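K.L.:
Below are the chains, spelled out letter by letter.
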Amino acid sequence: MTKKIFLEKLENGLSGLPREDIQEKIAFYSEMIDDKMEDGKTEQEAVSETGSVEDIVSQLASVTPLKKLVKEKIRPVHKLGALEITLIVLGFPLWFPLIVAVAAVVLSLYVSVWAVVISLWAVVLSLFTGFIGGLAGAVVFAVQDRPLSAGILLSSAIILSGLAIFMFLGCKALSRGLAAGTKKAVIRLKSSLIRKGRSQ
Amino acid sequence: MDIQLKRGLLDICVLAAIREQDSYGYKIIKDMKPYIELSESTLYTILKRLEAADMLTVRTAEHEGRLRKYYRITAGGISRIEEFKKDWKEIVSIYNFVTKEDADND
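Protein chains in written order, with the numbering used here: chain B, 1 to 200; chain A, 1 to 106.
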């Protein structure tokens with residue numbers, strides 16, 4: 001890929017950012033490629049070393065605050081006319097509840113996923129409580145000299161503890177995975193905001 | 001390595017790379033290369049962050065008929081490096097304590 005094509009691709013990839021931000025980043029990578037070529041690398045090498053546009057975009061997405069990206073996204077490209085403003089105001093009863101509803105659905109889906117995880121944690125807790133209870137019961141029966149009941153309770157307690165450990169590990173992995181997934185989803189959302197640019 | 005920790009350390013590395021004399025993007029990466037690999041995108045975000053924190057200043061100068069940005073360390077940047085050196089002594093003594101038992105067991 002030539003430097004020119006790479007920079008064009010990059011500019012496209014960053015189109016969701018403010019104009020001056022894009023220019024600054026293009027200048028940075030352009031200078032980088034020029035310096036590499038001055039250092040004796042071919043244009044091809046210099047460009048391929050710079051990495052892919054996708055990587056650059058996702059790297060940027062991970063460090064740019066979501067608020068800044070959204071702000072840029074919703075900034076109108078041209079000044080709104082009187083008709084458009086009137087329509088927006090009159091349409092308020094329509095679009096506002098729609099936005100709220102969509103946000104509420106997304107949020108509730110997300111919360112319900114976490115709710116499942118939390119309920120699984122509750123199972124872990126109850127298994128553990130059962131284990132403690134079984135252990136205490138076994139001691140009581142042992143003191144009362146009822147070895148059979150004590151033995152049954154003790155073995156159930158051991159089974160419960162095994163289940164508790166097993167589920168604990170599973171829940172831990174699940175919670176971690178979900179947290180990592182959330183982080184990834186946020187970066188993907190931000191990347192798409194950087195990439196697609198303004199809607200009009 | 002912990003991301004926050006690494007981020008902080010890379011900031012110091014970049015400051016150190018421009019401490020002796022003003023430098024530019026490609027040279028910073030090249031100077032750091034024998035010690036630590038740094039991607040261009042990472043360098044970009046570090047430079048922006050350091051500039052916003054007043055630890056370095058940027059000027060654009062002509063070079064071979066094109067523009068190049070040069071970065072200069074500020075007093076704030078220098079004191080950040082000094083701060084790190086002091087912190088480092090503490091970290092080393094913590095490290096020595098943490099690895100003490102390993103050495104005893106050997």
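Treat the hints with caution; some may be incorrect.
To be verified - Okay, derived cross-link-like pairs now, SDA-like style, lysine to any residue, Cα gap no bigger than 25 Å in a straight line:
#1 B:LYS3 with A:ARG7
#2 A:LYS86 with A:ALA61
#3 A:LYS30 with B:GLU54
#4 A:LYS33 with B:GLU31
#5 B:LYS184 with A:ASP31
#6 B:LYS67 with A:ALA61
#7 B:LYS3 with A:ASP31
#8 B:LYS184 with A:SER23
#9 A:LYS30 with B:GLU24
#10 A:LYS30 with A:CYS13
#11 B:LYS9 with A:ASP31
#12 B:LYS9 with A:LEU38
#13 B:LYS183 with B:ALA164
#14 B:LYS41 with A:ALA61
#15 A:LYS69 with B:LYS184
#16 B:LYS41 with A:LYS86
#17 B:LYS68 with B:TRP121
#18 B:LYS71 with B:VAL102
#19 B:LYS184 with B:LEU120
#20 B:LYS68 with A:GLU40
#21 A:LYS86 with A:ALA53
#22 A:LYS30 with B:SER58
#23 A:LYS27 with B:ILE26
#24 B:LYS3 with B:LEU66
#25 B:LYS3 with A:CYS13
#26 A:LYS33 with B:GLY51
#27 B:LYS183 with A:LEU10
#28 B:LYS3 with A:ALA53
#29 B:LYS3 with A:LYS86
#30 A:LYS48 with B:VAL102
#31 B:LYS67 with B:SER48
What the hints assert, rightly or not - If you want the ones that stay clear, here's a sample from chain A, every Cβ over 10 Å from chain B, calculated:
#32 ARG66
#33 ASP87
#34 VAL92
#35 ILE94
#36 LYS100
As the list claims (entries may be wrong) - Which chain A residues face chain B? A few, computed with CB under 10 Å, are given here:
#37 GLU40
#38 LEU47
#39 LYS48
#40 THR60
Don't read these hints as lab results, they were simulated from the structure. Just so you know, these numbers come straight off a predicted model, no measurement behind them. All residues carry an ideal CB built from backbone N, CA and C; glycine is no exception.
K.L.:
Okay, which hints does this one fail, numbers in order?
P.N.:
1, 2, 5, 6, 8, 11, 13, 15, 16, 17, 24, 25, 28, 29, 30, 31 and 32
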